[in-house]
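What follows is each chain in one-letter form.
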Amino acid sequence: MAIVSALSTKHLLGIKYITPQDIETIFTTADNFKEVLNRPVKKVPSLRDITVANLFFENSTRTRMSFELAEKRLSADVINFSASSSSVTKGETLLDTVNNILSMKVDMIVMRHPAPGAAFYLSQHIDASIVNAGDGTHEHPTQALLDAFSIREKLGAVQDKKIVIVGDVKHSRVALSNIFCLQKLGAQVAVCGPPTLIPKHIRELGVQVFYDIKAALEWCDVANILRIQLERQDIKYIPSLREYALYYGVNKDLLDSLSKKIVIMHPGPINRGVEINSDVADSGQSIILDQVENGVAVRMAILYLLASSNPA
Amino acid sequence: MAKGRIILKNKKFQLTIERLCNQLIEEYGNFDNTCIVGIQERGVLLSDRIVSVLYSIDKNFAFKYGKVDITFYRDDFRRRDTPLMASNTEMDFQVENSQVILIDDVLYTGRTIQSGLIALGHYGRPAKVELLTLVDRRFNRHLPIQPNYAGMVIDAIDEAYVKVEWDEIDTKDQVLLYQNRESAT
Chain A
278 MAIVSALSTK
288 HLLGIKYITP
298 QDIETIFTTA
308 DNFKEVLNRP
318 VKKVPSLRDI
328 TVANLFFENS
338 TRTRMSFELA
348 EKRLSADVIN
358 FSASSSSVTK
368 GETLLDTVNN
378 ILSMKVDMIV
388 MRHPAPGAAF
398 YLSQHIDASI
408 VNAGDGTHEH
418 PTQALLDAFS
428 IREKLGAVQD
438 KKIVIVGDVK
448 HSRVALSNIF
458 CLQKLGAQVA
468 VCGPPTLIPK
478 HIRELGVQVF
488 YDIKAALEWC
498 DVANILRIQL
508 ERQDIKYIPS
518 LREYALYYGV
528 NKDLLDSLSK
538 KIVIMHPGPI
548 NRGVEINSDV
558 ADSGQSIILD
568 QVENGVAVRM
578 AILYLLASSN
588 PA
Chain B
7 MAKGRIILKN
17 KKFQLTIERL
27 CNQLIEEYGN
37 FDNTCIVGIQ
47 ERGVLLSDRI
57 VSVLYSIDKN
67 FAFKYGKVDI
77 TFYRDDFRRR
87 DTPLMASNTE
97 MDFQVENSQV
107 ILIDDVLYTG
117 RTIQSGLIAL
127 GHYGRPAKVE
137 LLTLVDRRFN
147 RHLPIQPNYA
157 GMVIDAIDEA
167 YVKVEWDEID
177 TKDQVLLYQN
187 RESAT
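Those sequence lines, one after another, are chains A and B. Under our numbering, residues 278 to 589 are what the first sequence spells out, in order. Under our numbering, residues 7 to 191 are what the second sequence spells out, in order.
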């Protein structure tokens, strides 16, 4: 067995805090966990002495289920917390909520919170390892890792590939984490969307900006399509979803007009007929469901590597 | 790197491998309903050689051959300074009701085999499992695990390190005994 270096961090708070070596270590470990997920018994006993609390202060389908599955596949004990049915509605603070949970001997926290920086704040006050499952409009590191892992699986590598992120970049934590992750792996990154949904200074992150969807898709090898995050928008940034779909929606005619076949991704949930049509989402160029499958393996790798830095 | 003491090499090494293969043939005949499973990483080097020699004796032997990685089944996870990187598992068959020959190069404490047995159980319930090892460090066991087939037996203190080297990657087939693990690196 080869010894691998542990991750350079005790928590996974964001892609900006991890190194390219950390990302490679996660990917190599995820390769092995993906094989485990194809076995008759899809379970390994590695985390049998660990309890993980999933604290979701925002709605989630994919991420919550994916983490829970990953934890159970590693034989961890899992408890799920939903803010709407907890004492948070009675005014309990985040820190009090978490400390109460930790005093029940929970070892790791997976948290999704609407406030940017919530996971970082928590990491300054508690000992347990924290995995950020999304903090407001800030980062969603596990999504970026599984997206990059899926690109690597489909195209053989991420380095030197051209990836465009299309849609509501301004309000998307997936977009920011993807930009950081893909750049750390040596990819070229661009964003595309209406000017009102592209942050003013995004070029300072080293990304190219397209306002024309056809030009963006012609440039790229991979298009990662984002949903319009209406729930995060304080004002109207676009005239209507119908107009957005007309100018930025990805449909089969648009894909077929390109000079090459590109890979289509989407972090979910999909609003069919808005940012992406069904004939694209369900096409052979789409790896949307592969992303979901890879998400479990990548999250298993992250939990395994973070747990290894917590001695028994 | 300190020089290890060579305790098996050249012709005797080859004869030991051939003897192990003939013992398997004596027990399993045509290897019907039989699986050979090597434990990654270095157990697979032995199992590859065993399989190659068996096929050179009779290319129609009917066993299935797989390789299993036990990293995620180890009992020392979170008790090491750094995690271990898993190798590939290549098991495209079930072991349900099959006879299994589990292979590792050196049997030391028995913990690797314990992990291997747990991993094997995730591919079905075998009818029988036998253990084949090239080197049996018989007095260093932590668990009640013994080989069914052993190439050689070594009596060594706990700190000693036994390394099996292979022509394919180490340029020579030989077994070396070091004073400790550090002197072998």
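Worth flagging that the hints you see were computed from the coordinates, not collected in a lab. Treat the hints with care, as some may be off.
Claimed, not checked - The list that follows gives simulated cross-link-like pairs (lysine to aspartate or glutamate, EDC-like), each with its CA atoms no further than 20 Å apart:
hint, chain 1, residue 1, chain 2, residue 2
1, B, Lys-9, B, Glu-136
2, B, Lys-73, A, Glu-345
3, A, Lys-382, A, Asp-437
4, A, Lys-319, B, Asp-87
5, A, Lys-349, A, Asp-556
6, B, Lys-73, B, Asp-38
7, A, Lys-431, A, Asp-567
8, A, Lys-431, A, Asp-326
9, B, Lys-70, B, Asp-81
10, A, Lys-320, B, Glu-96
11, A, Lys-287, A, Glu-312
12, A, Lys-311, B, Glu-174
13, B, Lys-73, A, Asp-308
14, B, Lys-73, B, Glu-102
15, A, Lys-529, A, Glu-570
16, B, Lys-73, B, Asp-164
17, A, Lys-311, B, Asp-54
18, B, Lys-15, B, Glu-136
19, A, Lys-320, B, Asp-98
20, A, Lys-431, A, Glu-312
21, A, Lys-319, B, Asp-38
22, A, Lys-311, B, Glu-165
23, A, Lys-287, B, Glu-102
24, A, Lys-319, B, Asp-81
25, A, Lys-349, B, Asp-81
26, B, Lys-73, B, Asp-87
27, A, Lys-439, A, Asp-373
28, A, Lys-319, B, Glu-32
29, A, Lys-320, B, Asp-176
30, A, Lys-311, A, Asp-489
31, A, Lys-320, B, Asp-81
32, B, Lys-15, B, Glu-174
33, B, Lys-65, B, Glu-102
34, A, Lys-529, A, Asp-489
35, A, Lys-320, B, Glu-188
36, A, Lys-431, A, Asp-498
37, A, Lys-293, A, Asp-326
38, A, Lys-461, A, Asp-489
Margin query: Run through the hints listed earlier and report the numbers of any the structure violates, in increasing order.
Written below: 1, 2, 3, 4, 5, 8, 9, 11, 12, 15, 16, 17, 18, 21, 22, 23, 26, 27, 28, 29, 30, 33, 35, 37 and 38
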